[in-house]
Amino acid sequence: MNPHFLFNALNALAALATVAPREVPRATGRLRQFLRASFDQQERLLVPLEEELAVVRAYLDIESLRLGDRLKVEQTIDPGLLQALMPPFSFQPLVENAVQHGLHSSPRAGRLQLIARPTGEWLEMSVRDDGQGVPSTEIEYLFFAERPQVHALVLLRRRLRGLFGRSFQLEVRSEIGEGTTVTMRIPMPKRFGVGLESPRPISSELRELALN
Amino acid sequence: MWIRIRAVIIEDEPLAAQYLAALLDDTCQVDVIGSAIESEAGLRLCAELRPDAVFVDINLPGKDGVSLAKQLAMLPQPPRLVFTTGNANRATDAFRLEAVDYLLKPLDPEQVTEAVNRLLAYLRPFEAGSSPSSGDLGNGVPTADKMRLTGAANELLPVKDVDRDQIRLLARREVVAVLRRERRTWVHTVREDFATYYPVADLLRWLGGDPFVQIGRHAVVNLQAIERVIHYGDRLYRVRLRDRASTEITASRTGAARLAPVLKMQSAVIRASVNDLQRLA
Numbered sequence: 001m002n003p004h005f006l007f008n009a010l011n012a013l014a015a016l017a018t019v020a021p022r023e024v025p026r027a028t029g030r031l032r033q034f035l036r037a038s039f040d041q042q043e044r045l046l047v048p049l050e051e052e053l054a055v056v057r058a059y060l061d062i063e064s065l066r067l068g069d070r071l072k073v074e075q076t077i078d079p080g081l082l083q084a085l086m087p088p089f090s091f092q093p094l095v096e097n098a099v100q101h102g103l104h105s106s107p108r109a110g111r112l113q114l115i116a117r118p119t120g121e122w123l124e125m126s127v128r129d130d131g132q133g134v135p136s137t138e139i140e141y142l143f144f145a146e147r148p149q150v151h152a153l154v155l156l157r158r159r160l161r162g163l164f165g166r167s168f169q170l171e172v173r174s175e176i177g178e179g180t181t182v183t184m185r186i187p188m189p190k191r192f193g194v195g196l197e198s199p200r201p202i203s204s205e206l207r208e209l210a211l212n
Numbered sequence: 001m002w003i004r005i006r007a008v009i010i011e012d013e014p015l016a017a018q019y020l021a022a023l024l025d026d027t028c029q030v031d032v033i034g035s036a037i038e039s040e041a042g043l044r045l046c047a048e049l050r051p052d053a054v055f056v057d058i059n060l061p062g063k064d065g066v067s068l069a070k071q072l073a074m075l076p077q078p079p080r081l082v083f084t085t086g087n088a089n090r091a092t093d094a095f096r097l098e099a100v101d102y103l104l105k106p107l108d109p110e111q112v113t114e115a116v117n118r119l120l121a122y123l124r125p126f127e128a129g130s131s132p133s134s135g136d137l138g139n140g141v142p143t144a145d146k147m148r149l150t151g152a153a154n155e156l157l158p159v160k161d162v163d164r165d166q167i168r169l170l171a172r173r174e175v176v177a178v179l180r181r182e183r184r185t186w187v188h189t190v191r192e193d194f195a196t197y198y199p200v201a202d203l204l205r206w207l208g209g210d211p212f213v214q215i216g217r218h219a220v221v222n223l224q225a226i227e228r229v230i231h232y233g234d235r236l237y238r239v240r241l242r243d244r245a246s247t248e249i250t251a252s253r254t255g256a257a258r259l260a261p262v263l264k265m266q267s268a269v270i271r272a273s274v275n276d277l278q279r280l281a
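Just so you know, the protein sequences line up as chains A and B, in that order. Numbers 1 to 212, taken from this note's numbering, label the letters of the first sequence in order. Numbers 1 to 281, taken from this note's numbering, label the letters of the second sequence in order.
Please note that a few of the clues may not be correct.
[Said to hold, decoys possible] Cβ pair distances, simulated, as ranges:
1. B:234 <-> A:150: 55 to 65 angstroms
2. B:184 <-> A:146: 25 to 35 angstroms
3. A:1 <-> B:250: 44 to 54 angstroms
4. A:54 <-> B:245: 47 to 57 angstroms
5. A:171 <-> B:3: 57 to 67 angstroms
6. A:171 <-> B:75: 39 to 49 angstroms
7. B:209 <-> A:22: 31 to 41 angstroms
[Unchecked claim] Sample of chain B residues at the chain A side, in silico, Cβ under 7 angstroms:
8. 13
9. 14
10. 18
11. 19
12. 21
13. 22
14. 61
15. 105
16. 106
By construction, these hints were calculated from the structure, which means they are not laboratory data. Positions of the beta carbon are idealized from the N, C-alpha and C atoms, including for glycine.
Construct all of the structure, not just a fragment, from the sequences and the given hints.
Here you go:
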């Protein structure tokens with residue numbers, strides 16, 4: 001979890017306590033839900049998309065406390081995929097990236113498009129923002145450079161590599177004035193071969209991989 | 001006549017803007033006459049309304065609060081600035097822009113009241129009792145440019161308290177010494193020291209002369225905070241400070257020349273004892 005998110009959330013709660021005290025319990029509940037999921041993410045290797053979407057919604061609810069009407073979210077989720085398995089906290093960083101960088105790049109930005117759909121043998125998830133965008137030539141440096149404070153997408157890429165080896169894609173498309181789209185493709189569950197009903201306990205080796 | 005401060009809020013987050021407006025309203029000293037959610041609209045609004053004060057979020061989307069502040073300063077009737085920020089790291093940017101105060105989020109009602117009182121001191125100096133010092137700059141008369149850079153208006157120096165992730169505002173009298181080492185400028189108080197990025201020369205101007213003396217190219221000390229002066233040869237002085245670490249500083253030749261008359265005048269020269277000499281040898 002990005003510490004700025006938590007600081008922002010606490011600032012928003014402090015403000016809400018004066019501006020609209022009756023909203024505080026609900027907002028706190030959303031934050032609680034998000035933190036619970038964040039603390040528990042290491043317990044299971046994979047979770048259904050539906051669960052990941054609930055985390056994303058809790059996240060967006062908290063951010064919309066701050067951002068107000070500016071934040072507009074359109075979701076296109078293939079209903080057939082709701083039970084599809086994916087690593088926990090893999091869609092959420094794409095959304096957080098779009099809020100933190102995309103929406104912050106311009107005062108007029110505020111629209112997010114979330115998409116989850118099957119493409120061939122892949123489960124494809126993408127987030128598009130209507131921010132400033134960055135020159136396509138700088139994408140690699142801005143999003144994936146190794147530096148002391150690595151970008152959330154670098155961490156996500158490491159986790160996906162640990163889980164899927166080379167069978168995944170994480171791709172950023174952007175141009176100045178065109179916003180940014182981050183797309184993640186992971187193998188469809190049946191190919192990956194993990195039973196849907198039995199989320200297995202994670203062996204220590206796999207846990208290490210997932211954390212790398 | 002009782003006139004309230006006419007203020008504008010420039011903040012991209014509606015909740016934060018509402019909260020600040022509520023706290024300002026509670027002080028009964030401020031009329032919020034307008035608000036904007038981004039820099040360009042904020043600048044236009046201030047040009048039109050000519051407020052006394054502007055509360056600016058440093059971290060605005062697109063063009064941020066620091067570049068906006070530079071433009072506000074160029075208005076025919078520039079407003080006084082108070083910055084708000086969720087990030088203590090940004091405070092030092094704001095200091096260079098002559099801000100009256102910095103408010104770290106989450107905003108605390110008392111902090112806001114204090115900022116309003118400081119605004120009043122600038123805007124109504126005769127009513128507020130004591131006028132803010134225009135900066136008694138003992139180290140040469142500054143040009144207008146230097147005044148702008150160092151912000152003579154700044155009564156308090158923001159420094160980052162890393163342990164508590166807070167901005168601390170230091171008064172001049174709290175400062176024991178300013179020392180350059182390891183590519184930072186350290187501001188020592190009696191109990192703590194803070195690493196900053198301020199040039200020593202800027203801090204020297206802010207400190208404004210007596211009781212502060214530059215005793216080396218990289219050292220400014222508060223004469224009242226010297227625990228002892230060790231005189232170990234012709235124009236060779238070491239100064240020990242009354243801080244937690246009993247920091248010792250060797251005076252440069254020029255520094256010693258500045259120090260000597262002051263010490264004579266204050267009868268504070270302590271001849272090095274045999275012990276001190278032995279310890280130094």
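These are the hints, each one checked on the structure:
Separation of residue 234 of chain B from residue 150 of chain A is about 57 angstroms and conforms to the stated range, judged on CB atoms against 55 to 65 angstroms. About 26 angstroms separates the C-beta atoms of residue 184 of chain B and residue 146 of chain A, a value consistent with the hinted range of 25 to 35 angstroms. Between residue 1 of chain A and residue 250 of chain B the beta carbon distance is about 48 angstroms. The supplied range of 44 to 54 angstroms therefore holds. For residue 54 of chain A and residue 245 of chain B, the Cβ-Cβ distance of about 53 angstroms falls inside the hinted range of 47 to 57 angstroms, so the restraint holds.
A beta carbon spacing of about 59 angstroms between residue 171 of chain A and residue 3 of chain B agrees with the range 57 to 67 angstroms that was offered as a hint. Between residue 171 of chain A and residue 75 of chain B the Cβ separation comes to about 46 angstroms, which falls inside the hinted range of 39 to 49 angstroms. For the hinted restraint 31 to 41 angstroms between residue 209 of chain B and residue 22 of chain A, the CB-CB distance of approximately 55 angstroms leaves it violated. Using the Cβ-Cβ criterion of 7 angstroms, the hint placing residue 13 of chain B at the interface with chain A is satisfied: the shortest such distance is roughly 5 angstroms.
Annotation: residue 14 of chain B was flagged as interfacial toward chain A, and the flag holds, the nearest CB pair being 4 angstroms apart, inside 7 angstroms. Evaluation of the residue 18 of chain B hint against chain A yields a held restraint, the C-beta minimum of about 5 angstroms falling below 7 angstroms. Checking residue 19 of chain B against chain A by beta carbon gives a least distance of about 4 angstroms; that is within 7 angstroms, so the hint holds. Among the interface hints, the one on residue 21 of chain B is violated; its C-beta lies about 9 angstroms from the nearest C-beta in chain A, farther than the 7 angstroms criterion.
Contact between residue 22 of chain B and chain A, as hinted, is supported at the beta carbon level, the nearest pair being about 5 angstroms apart and thus within 7 angstroms. Using the Cβ-Cβ criterion of 7 angstroms, the hint placing residue 61 of chain B at the interface with chain A is satisfied: the shortest such distance is roughly 5 angstroms. Hint on residue 105 of chain B holds. Least Cβ distance to chain A is approximately 4 angstroms, under the 7 angstroms limit. Given hint, residue 106 of chain B at the interface with chain A, holds; its Cβ is 3 angstroms from that chain's nearest Cβ, closer than 7 angstroms.
The earlier numbered hints that this structure contradicts are 7, 12.
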